[in-house]
Each structure stands twice: as C-alpha cells, then as structure tokens.
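Engineer: The chain contents come next:
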Amino acid sequence: MNARDADSTRIKTLTRRTRQGELYVRRPDAQLQIEKILTLEKAQILVMLEGRKRRDEADYLLDETIVYLLREAKTENDNEMIETLYLELNRRIFKLLLKFRDGFKNNHADFEDFGQKVEMAILKKVFDIDSNSADFAQVQFGLFVISEAKGIRKQHLVRVNWEEAMFDGGREGEEEDNRLENISSANELSAESRLIIQEGLRNLSPEQQTIAAMLLDGFQIESKNAKEPTISKHLGVSSRTVRNWIKEMRRTLTGYQGEAR
Amino acid sequence: MMNETNLQDVLEEYAISEPTGNNLATLQQMIEKYPQFAAELQDFAAARAVIKYAPEVELNALEEARYQEIGLNNLRAVLSAKAVQPPTSLHSLTEAAKTKGLNRSKFAAALGLSVSLVQYLEKRRLEFASIPQAVIVKVAEVLETGEELVANYLKLPPNPATNASFKASGRPEEMQSKSFDEAVREDQTLTAEEKRKLLEL
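Going line by line, the protein sequences match chains A and B.
Oh and the first sequence: position 53 is 53 in my numbering, straight run, nothing missing.
Converting from the second sequence to my numbering requires adding 1000 to each position, the first position being numbered 1.
Because the hints were derived from the structure by calculation, they are not lab data.
Nothing here was measured: the structure is a model prediction, and the numbers come from that model.
It is possible that part of the hints are untrue.
As the list claims (entries may be wrong) - Under 10 Å between C-beta atoms, here's a sample of chain A residues computed to sit facing chain B:
(1) N90
(2) R91
(3) K105
(4) K125
(5) E148
(6) D217
(7) L235
Heads up, the beta-carbon is just placed ideally off N, CA and C, and yes, glycines get one too.
Chain A with its partners taken away, still in its complex shape (with noise of 0.2 Å):
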C-alpha cells in the first residue's frame, strides 16, 4: 500500500449478485470514501485509525471501507495494516454485539463465546479473498454482522431479560401527562412520541430499549393478521404485556423531561 500504481487506485468491483441477477452495490458514501482512501499512503490510512473518532467525524472509516482495506491488505500480506485494521473492525463488531447482550442474561462468558464465534466467521469471509462472500460486508457491514451473529445464535437476539423487565405494570387508572399514549392505546406513534423516544432511548433499561427501538421501526404490539411479524409475537408476550412495558417507558420518558421540555 505504498507506492501507488493505477491498479491498486482502482476500486474493485462487487461481483455477488442478486437472486433477480444484479450486481451488489456499495452505498455511495462507502464507495467515495474507498475511492478517496485508495489514493492515499499507508501512513495517511494508519493516522486515520489513530484515536476513537466519532461517526459523524469527517475522517471517521466506515466499516465497509475498512473490510474493504482489509482484504487489500491480505492480498499484499500486509501484517501490520491487517492488524491495525481489524482490531478497530473488532472493537466496532462487539460494540454492535453488545446490543444483544441482554439475551445472554448477564452471563459474560456464553457472550464472549458467541461474539468469539461471531467474530472467527466473519474472519474467515473477510479474508476469502478469492471468494466475492465479504460482498455484502462490503454493502451493509452492521447487517452482515447481523446475518452472521443469526447464524450462530439458534435463539433470538432481540429478547427481554425477563427477570429485569418485571415492570410494575399497575397504575392503570391513573391520569397522567400522556404525551406517549398512543403507543399503548393504537398501533401507530405519533410524531411526537416519536421524538420523546428518540430523545429519551438512552435513559430506558436495556429491555425497554429494544421494545422502543421496534416501536420506531415500524412494528406493531400486536396484529388481526397472524401472519404480521408483530412485538408481542416476537418476545413472546401478550399484547397486555407490551402494553404495561410501554406505560413504564413512559413513566421513564416524562421522569426525563428531555433537553426540550
């Protein structure tokens, strides 16, 4: 990755394919950002890695750049550019893994296991340098992470500790400040609710967390339609479940205030 020659500038292509036959393709960001690396130094890429730069910093790698650097630096055995790249890969990977570490039930050691697990098989595509199967880490690095944890991990990654989401679910009759009320009383989150969510996520437990960011992302409590991939379906609850989970949340949320408010 020294001198540069007109090839090793060039961006290589994603061959993988869709099942309706076309071409995986880079995100645009990824793809500029690659382009741009490729023109620069070994020691310009390795300042880059250097401190723990925030995703919105300019000079901030994405992850796709970094898989895709990675398999640069094993086509030319480039130890040290390996080693410097994948650790800050691994860092984000177990820092995304974390997210699920609720499911393990605050045992470390079936977690280390699994991200270990998680970790040797995203590796072994990563540097399959003859093989196109890193092209979707290469797309959509968080998602690859994802269908590879999936593989492992028979269980759900998205579940409750059920013995720390034993919200008081009491209080039913109670009139309070209701700014979220229609996330338990209708399957749609107004703007609003929308917001004090997105404001207030990191003040909620884990639990809570996981059954706000599915209410962002569209996912209903519950459904007529039995073949609707719903909340209360997924965790394994009653739809009066997710409910009581929800009038807790709220309790936290309006506990909060938000910067706004």
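Following the hints, position chain B against chain A.
Structural biologist: Just chain B now, kept in the frame of chain A:
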C-alpha cells in the same frame, strides 16, 4: 430437494432488497416465501431495528482489553490457517461443499441439480463446452468461490471413478463422458419439469 436455500442467503436477500431499513410488508412476503426461516427473519428484522435505534454502547477499559484479546486470537488463528492452505485451485467440488456444511445431496439441492449430475461434475465426465454457464455460476456462488476456479476444475481431464465413496444401492457404473443435455435426459431422478428447466439453461 431442488433449490435448497440457506439461512444466510435469505437474510441477505431481505437486507439487499430493502437497503434503507426494515419494510414490514417485504418482511411478511419473505416470511411467506421462506416459512422455514420465519423466526430467523423476524429476529433479523428486530435486530435491525435495535442496531438502528439503540444508543451506541461504549466499551469500558476491561471490555476493550478483553475483546481485543479475543480479536487478536481469532486473527492469528485465521491467518495461520490460511498460510498453511492457500486457496489457489479446487481439488474437489464435493469436498469444497463439505467445508460449507453441504453434503452431496444438499449440495445438489443448492445447485438445483440431481445428485447424479453433481457426480458427473465432480468426476468431470461432462464435456466442458456443453455445461451451461449458469451452472458454473451457480456452483461458484454456492461454494463462494470464483467462476474461473470452477471452470478450471471442470476443464481438467476426467477423474477416475475409483474413489467414489458415496453410498449407492447398486454397483457403481463407470461414467462415460457425455454432454450436459445428454446427462440430464438420461437422469432417472429428475422430473420432466426439472429436466425441461435444466435443458433450457
């Protein structure tokens, strides 16, 4: 057993078809299309919601060190394994399939072929020019390898049938080289519809 699909392909198909985020209508269609993966698809979509909305998790120093150690161990294991066995050519299609968790019949199903046709490919008893490109592409896709590697394997001289190790009800017959179409027509295990589709490739 024709056209068997694996979980990762199905999840990938859903993710690629909805690149910007979950679409519950598409998810439902996928669940109806692949009912055997209904729970996995729903969990994948729920996980997608969680990674999109749940706040970033910050690692503490202890976690950072521990996960780094796991990562380095994995990295070394993978790099040393690769150093011993560089993948430059295919020595056997069915052996390569085994490394992907596919036995002979699952491999055949994934390719949309019969076990007998897979055996013809494995033994290189099909005239290379007669093998449809779509078959080569599919083999490469299932084995997650390059089409060129598959084509190079199939171009080599026929393999002797002496190492046939699969269980057969009768005495294994010496396979003569023939065209792909001929092998399809003679296949006793394919239905008329399956033969028609293969002959159209």
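Engineer: Take the hints in turn and mark each one as holding or not.
Structural biologist: The hints, checked one at a time:
With its C-beta approaching chain B no nearer than about 3 Å, N90/A sits inside the 10 Å limit, and its interface hint holds. Given the 10 Å rule on beta carbons, the hint for R91/A holds: about 7 Å separates it from the nearest Cβ of chain B. Against a cut-off of 10 Å between C-beta atoms, the interface hint on K105/A is violated, since the closest Cβ of chain B lies about 17 Å away. Nearest Cβ of chain B to the Cβ of K125/A: about 8 Å, under the 10 Å cut. The hint holds.
Evaluation of the E148/A hint against chain B yields a held restraint, the C-beta minimum of about 8 Å falling below 10 Å. Interface restraint check for D217/A: the shortest CB-CB distance to chain B comes to about 3 Å, inside 10 Å, so the restraint holds. The interface hint given for L235/A is met, as the beta carbon of that residue sits about 9 Å from the closest beta carbon of chain B, less than 10 Å.
Going through the hint list in order, the structure does not satisfy hint 3, though it satisfies all others.
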